[in-house]
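Peer 1: One line per chain: the protein sequences are B and S, in this order.
Residue 410, in my numbering, is where the first sequence stops; the numbers in between run on with no holes.
Residue 1506, in my numbering, is where the second sequence stops; the numbers in between run on with no holes.
No lab work stands behind these hints, which were simulated from the structure alone.
Heads up, some of the hints might be wrong.
What follows is a list of derived Cβ distance ranges for each label pair [stated by the list, open to error]:
hint, chain 1, residue 1, chain 2, residue 2, range
1, B, Leu146, S, Asp1184, 56 to 66 Å
2, S, Val1406, B, Pro136, 21 to 31 Å
3, S, Pro1370, B, Ile33, 34 to 44 Å
4, S, Arg1382, B, Met390, 48 to 58 Å
5, B, Phe138, S, Asp1379, 49 to 59 Å
6, B, Ala232, S, Val1377, 30 to 40 Å
7, B, Ala143, S, Arg1129, 18 to 28 Å
8, B, Arg231, S, Gly1400, 37 to 47 Å
9, B, Met354, S, Ala1328, 40 to 50 Å
10, B, Lys217, S, Pro1370, 22 to 32 Å
We put the beta carbon where it would ideally sit given N, CA and C, even for glycine.
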Amino acid sequence: MSAIDDTAATAARPAAGVGAYLASNLREYGLLIALFAVMGFFQVVTGGTLLRPINVTNLLLQNSYIIIMALGMLIVIVAGHIDLSVGSVMGFIGALAAVMIVNMELSIWLAALVCIATGGLIGAAQGYWIAYWRIPSFIVTLAGMLVFRGLSLWLLEGQSVGPFPREFQVIATGFVPDVLPGGAALADMLGVRNFNVLAFVVGLLAAGYVVWSGLRKRAQNRAYGIEDEPRAFFLIRVGLIAAVLVFILYSLATFRGMPNVLITMGVLTVIYAFVTESTTLGRRVYALGGNEKAAKLSGIKTERLTFLAFVNMGVLAAVAGLVFAARLNTATPKAGFALELDVIAAVFIGGASMSGGVGKIVGAVVGAFLMGVLNNGMSIMGIGIDYQQMIKGLVLLAAVIFDVYNKKKV
Amino acid sequence: MQDTLLEMRAITKTFPGVRALDDVTLAVRRGEIHAICGENGAGKSTLMKVLSGVYPAGSYEGEIHYDGALAQFRDIADSERSGIIIIHQELALVPLLSIAENLFLGNENARAGVIDWRETNRRAQDLLRKVGLRDPATTRVEKLGVGKQQLVEIAKALAKDVRLLILDEPTSALSEGDSQALLDLMLELKAQGVTQIIISHKLNEVRRVADTVTVIRDGQSVSTIDAGGGITEDAIVRDMVGRSIENRYPPRTPRIGQTLMSVRDWCVHHPEHADRQVIRRVSFDVRAGEVVGIAGLMGAGRTELAMSIFGRSWGQGITGTVEMHGRAVDTSTVSRAIAAGLAYVPEDRKSLGLILEDSVTRNITLANLPAVSRGAVLDERREAEVAEGYRADLGIRTPGVFQQVVNLSGGNQQKVVLSKWLFAGPEVLILDEPTRGIDVGAKYEIYGLINELAAQGKGVVVISSEMPELLGMSDRIYVMNEGAFVGEMPSHQASQERIMSLIVRE
Chain B
1 MSAIDDTAAT AARPAAGVGA YLASNLREYG LLIALFAVMG FFQVVTGGTL
51 LRPINVTNLL LQNSYIIIMA LGMLIVIVAG HIDLSVGSVM GFIGALAAVM
101 IVNMELSIWL AALVCIATGG LIGAAQGYWI AYWRIPSFIV TLAGMLVFRG
151 LSLWLLEGQS VGPFPREFQV IATGFVPDVL PGGAALADML GVRNFNVLAF
201 VVGLLAAGYV VWSGLRKRAQ NRAYGIEDEP RAFFLIRVGL IAAVLVFILY
251 SLATFRGMPN VLITMGVLTV IYAFVTESTT LGRRVYALGG NEKAAKLSGI
301 KTERLTFLAF VNMGVLAAVA GLVFAARLNT ATPKAGFALE LDVIAAVFIG
351 GASMSGGVGK IVGAVVGAFL MGVLNNGMSI MGIGIDYQQM IKGLVLLAAV
401 IFDVYNKKKV
Chain S
1001 MQDTLLEMRA ITKTFPGVRA LDDVTLAVRR GEIHAICGEN GAGKSTLMKV
1051 LSGVYPAGSY EGEIHYDGAL AQFRDIADSE RSGIIIIHQE LALVPLLSIA
1101 ENLFLGNENA RAGVIDWRET NRRAQDLLRK VGLRDPATTR VEKLGVGKQQ
1151 LVEIAKALAK DVRLLILDEP TSALSEGDSQ ALLDLMLELK AQGVTQIIIS
1201 HKLNEVRRVA DTVTVIRDGQ SVSTIDAGGG ITEDAIVRDM VGRSIENRYP
1251 PRTPRIGQTL MSVRDWCVHH PEHADRQVIR RVSFDVRAGE VVGIAGLMGA
1301 GRTELAMSIF GRSWGQGITG TVEMHGRAVD TSTVSRAIAA GLAYVPEDRK
1351 SLGLILEDSV TRNITLANLP AVSRGAVLDE RREAEVAEGY RADLGIRTPG
1401 VFQQVVNLSG GNQQKVVLSK WLFAGPEVLI LDEPTRGIDV GAKYEIYGLI
1451 NELAAQGKGV VVISSEMPEL LGMSDRIYVM NEGAFVGEMP SHQASQERIM
1501 SLIVRE
């Protein structure tokens, strides 16, 4: 029955239809298709290693700090700027944490708080020149990159400092304990060694949320008379995303459950996606990046927003620094070296525009995962770091060319 | 003398889904000034792009005969070699290069790639003399006003041995005085034998210079009127819109109330040169239900006055007071000015008024987001309703309120900017050149909207370089010159001559 309804609805719409819809939304589908294609490819060539539970867990841990920083970088880039200092800041914060926790034996909570506040201050110091003095962000953060790289060296006196106490490592390497009953029984039933019910339930809930919010958005679009996604596309897209979420969390459940970092990352992603898409603050940032002068003449405090975007970036770089240090269990002067480039690449692969005003949080996260899967897959295959770099560079270039080509065609 | 230089026969150009030009015919005689009139979107620019090779031969149907032969231009360079040169509305000069460098850009006086600067500057000075520009050829273009830049563009065309000069809306950014000078120059070039095509919305200018007028409507050439038979503005307007607009300014019975806003002793200094005073002790009042016009030449300081009042968006060292309902208000930032009940619709809507890549909806709600949100969370349904409301009220022609504004025509973009400011709920609106670059039909709608605002008891300040518009729309007119107000008169006592004489007398 519903199939017949669907045909009628499609026929009623102007002839443009599916092809035109696909053409005008190629970018978003392209990104998802690329992610699935890359995952499928490596799953096959690595003989199934890529999606083994232990590797899925690893993939999340390896990319967590990139994703955390990509959230802030997306906002900075949407606002029309760039931050080259995040890798150095991340390394510096790790070093600061090591000095406070390992050398000075301060409490972990106090140290973490100081680190995050320091990150915010660093962002404020850079944002001040960019927002109120109109010094190009490229210059200010390039300077910041050198300064904080130097500060890390100075702080660590060129040495690696570690190891961290167990309670600190938990930030990155800990897992959320299973609070739900029935794990052992399910493990027996499924024939796996252990089964974390909480992780699986979270997976189901997340998938459920994706489907629910997708349907809601669709209903809204229909109410506003916005061009609808053809039903088949909608079902495939939402179905795939939900399936992947369930699959990932299922994988995690059969290994050690959800890493703490996944929670941090997931919660931050949801918060930032909400803030950018559904609040006045987010809307104003997009307006600022889209046309700063027009935004200013509409009563938007453009300087303050720019300033805050950098403060936020600093805070997230600090969070990433803590996660990174905890994961490596040591702070080294080399930590975070050239990482800013991975973060920036993730954001651009995710569809943000160099000129500002365009880009989505989800895009940046998917972009970061795409890079992460590439890294991970190539490493499993034993491809040398030389080829890895080249391939990643070409992927970035291809993604942006694809963007520009799409824009021209319209 | 009267033979045909250019003939475009049965030109048809289609884009996917749109027939932009449909069997258009245009014949331009050697040595004449030929005007092309039409509403925005009528197909004027497309026709010129076909002519200049932007759309190469083969991408359109029909034939172009130029100088007695069939012309098939492959690109702009090709048409320029034949002496066809277009000066676009948006000037294409490099601001940081000198006049001379701009004149010969891509066409340098060089031997083996080495530029002969003496020859360059000498030839440049010659060309500048021809167009009546007295600045040295080594001046950087950014130092020149728009009017002078326009002259540089024309000189650049002359440098390329122009035979057919096409001017696309040449006076849209110029003040009355500069416009007159430009039109004089066109007549002089005609006397020297340069054939010209002018695309313009300003019918009085067309009437002044054109020998022949071709009117294009909806992609078709509607009529060709010969100056011999007498060109009347009404006839052109009728052909342009396909209906006659008896009165170009909708009638209104003003009901003027209490004073809403008073500005006293407003002084502003230049943002880069603190010692240069740009606005000098300006005082004025706006009353409820009143349309106040500010007349003046380009560079008189009208935009600077408006922007400095609206959140100190221009200049430094600002002194003076703004009162609303007799009480001094703080307008030191844009958000405070909005809170005080002001709105400013900028002159340059694309760079100052709109976020072009954003939707109609997002643009309309931008200046008043709190009204469409709960706490800090946006209510998208409410936003869409607001936008739909303005779309219906103002007649914004768009496929939907989620359309990007970049895809809208100039008149509809301006309606979006106006909607944004109406939604902000101001008491006094300052409209800076509200009808610039907008076709006749949309202009009429905007005038109607201004009247409606006044009828609602709002105060409207209109800054315009088109004097007939000010005379037709305002209740009272202030005349501004060199940063100061030099006169004030009720509009029934005003005339173009009286305003001009106030400016000239200073």
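Peer 1: Using the C-beta atoms of Ala232 of chain B and Val1377 of chain S, is the stated range 30 to 40 Å upheld?
Peer 2: Since the Cβ atoms of Ala232 of chain B and Val1377 of chain S sit about 32 Å apart, the hinted range of 30 to 40 Å holds.
Peer 1: Is the distance from the Cβ of Met354 of chain B to the Cβ of Ala1328 of chain S consistent with 40 to 50 Å?
Peer 2: holds (45 Å)
Peer 1: Quick check: does the Cβ-Cβ distance between Leu146 of chain B and Asp1184 of chain S fall within 56 to 66 Å?
Peer 2: holds (59 Å)
Peer 1: In this structure, is the beta-carbon distance linking Phe138 of chain B and Asp1379 of chain S contained in 49 to 59 Å?
Peer 2: violated (37 Å)
Peer 1: Is 18 to 28 Å a correct range for the gap between the Cβ atoms of Ala143 of chain B and Arg1129 of chain S?
Peer 2: violated (50 Å)
Peer 1: Between the beta carbons of Lys217 of chain B and Pro1370 of chain S, is the distance compatible with 22 to 32 Å?
Peer 2: holds (24 Å)
Peer 1: In this structure, is the beta-carbon distance linking Arg1382 of chain S and Met390 of chain B contained in 48 to 58 Å?
Peer 2: Taking Cβ atoms as reference, Arg1382 of chain S and Met390 of chain B lie about 50 Å apart, which means the hint holds.
Peer 1: Tell me if the beta carbons of Val1406 of chain S and Pro136 of chain B are separated by a distance inside 21 to 31 Å.
Peer 2: About 26 Å separates the Cβ atoms of Val1406 of chain S and Pro136 of chain B, which means 21 to 31 Å holds.
Peer 1: Just to be sure I understand the hint, the distance between the Cβ atoms of Arg231 of chain B and Gly1400 of chain S should be within 37 to 47 Å; is that true here?
Peer 2: For Arg231 of chain B and Gly1400 of chain S the Cβ distance comes to about 20 Å; the hint is violated.
Peer 1: When you take the CB atoms of Pro1370 of chain S and Ile33 of chain B, is the distance between them in 34 to 44 Å?
Peer 2: holds (40 Å)
The earlier numbered hints that this structure contradicts are 5, 7 and 8.
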